[in-house]
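Protein chains: 2
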Amino acid sequence: MAHAPATAWADVPADQLLVMTLASGAQIVIELAPQFAPVHTGNIVHLAHAHWWDGGAITRVQDNYVVQWAARDEKAKPPGGFIPHPPAEYDRPRQGIPIRPLGFSDSYAPSAGFAAGWPVGTDGNRVWLAHCYGMVGVGRDMPPDTGDGQELYAVNSEAPRQLDRNLAVVGRVLTGMDHLGALPRGTADMGFYASKAETVPIRSVSLATDLPAAQQPHLQVMRTDSPTFSAYLNARASRTDPFFVRPAHGVTLCNVPVPARQKP
Amino acid sequence: MAHAPATAWADVPADQLLVMTLASGAQIVIELAPQFAPVHTGNIVHLAHAHWWDGGAITRVQDNYVVQWAARDEKAKPPGGFIPHPPAEYDRPRQGIPIRPLGFSDSYAPSAGFAAGWPVGTDGNRVWLAHCYGMVGVGRDMPPDTGDGQELYAVNSEAPRQLDRNLAVVGRVLTGMDHLGALPRGTADMGFYASKAETVPIRSVSLATDLPAAQQPHLQVMRTDSPTFSAYLNARASRTDPFFVRPAHGVTLCNVPVPARQKP
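Chains as they are written, first to last, in the working numbering: chain B, 1 to 264; chain G, 1 to 264.
Source of the hints: derived by calculation from the structure; they are not laboratory data. Keep in mind that the hints are not guaranteed to be accurate.
Stated by the list, open to error - Which bits of chain B does chain G cover? Going by a derived footprint, with three or more residues having C-beta under 8 Å, they are:
1) 104-115
2) 158-169
3) 180-192
4) 238-252
Positions of the beta carbon are idealized from the N, C-alpha and C atoms, including for glycine.
The whole structure should be built from the sequences, with the hints applied where relevant.
Here you go:
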């Protein structure tokens, strides 16, 4: 991968990056996926721009499931442009979304693969983002509620793919998942922290373009339509490292994490 | 599950339980699987009985992969009965191991299911434990080394099933995975802690039968050949909770964690 050509990597636009800084100083950078959930990600951009989550908190860490966060005061008035009841962007038309097939069967979708750097499932007519480790979605109440983007979660576990097409997936953690993954687990129902004192304070969540130039992250994601990615995928399925005495010759979608890096 | 009959649960024998206590006081209880790796688990029992890991440390926490621990002084002489070079117990004959099929295809094994409470893969002739969240295996060097049981790891992530049949899986974390999952990630290569000061000290690892009766855990694992487990498996694959607007009607082996509980 170190020898991959520059063309194997795509820059992530700064207006699709959220920078979350915890009170501890730990930084988490999230890439949004407007092509999959335009209304929800639009809301998230409006909220970040209005510093909605500054002073908020991580309120839930359920072991082997999700990390979830929200603003402190959920009764505050959302900013202009915010759409209170987005449509259920749980999937989208397949049209216009080229997919690089995984090449192996999937237990949750008729077919699985990668679209513009994202892990996806598809039934041929619709396509949806898969709940892999580090993917970010929009918390919601019981249906027909679809969530609005104020409350977000990141997968910290064995991929809960049963959530695919049941929630709006809006992005993924590109860097800093090691911080979210290591947070203390909540002890109340569903992994919520039992008291406000236990919650993990968030200093700020900013859109990268709202930060001074020197603080903006410059990240790249591997192009999933590149030969480099094909070689990587094949190596994940059929390990050639001599440590492996019996390569599996098979792999699941979420066990092929799409590589990301600092832009060199 | 709360209404399952007592017959749906099997007691875990105390001589197959390890109790790990971290210096922080956090307790992790591990069930051994002697039917799958008799020589390696025999070594582990001898080592625990000799307090091998007391004063040891967790030396590696790789995000989305494994937590690994060892004794402090790896040059100490192992106790009597310890076998320095166990056979490669990466799988075993299928004979004598009834399997409750998962009922869905598997990406890593010709077939997957549950054997006496354990997640397994099989090709009809051989059967092996699957690297699901919380499963415990024996670290090893390059082949033909098979490890000896002194260095153990637990899966803290998306199931690294590529490791199946490549390492000796010897058990699983029954309680306390929330503690191991939340440990700080190591920043050196492969998630090792960069300095000894960063490692997580282990107070003791004891065989449950070596503990005073009042300190012995009494745990049960759901019988995977029970009607209760069948109902649970079906519910994991086809969610009936009204939160789900579109049940998957499919599930992976490691997304059906076998329930465990304190013995009532």
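Counting residues of the stretch 158-169 of chain B whose CB is closer than 8 Å to a CB in chain G, do you get three or more?
Our answer is that it holds, as 8 residues pass the Cβ test (under 8 Å) against chain G, meeting three.
With a cut-off of 8 Å between beta carbons, are at least three residues of the stretch 104-115 of chain B near chain G?
It holds: at least three residues are needed, and the stretch 104-115 of chain B offers 5 whose Cβ sits within less than 8 Å of chain G.
Residue count check for the stretch 238-252 of chain B against chain G: does it reach three with CB-CB under 8 Å?
Holds, because 11 residues of the stretch 238-252 of chain B bring their Cβ atoms closer than 8 Å to Cβ atoms of chain G.
How does the stretch 180-192 of chain B fare against chain G when you require at least three residues with a CB closer than 8 Å, holds or violated?
Coverage by chain G holds here, the residue count being 5 at a Cβ distance below 8 Å.
Violated hints are absent here; each numbered hint is respected by the structure.
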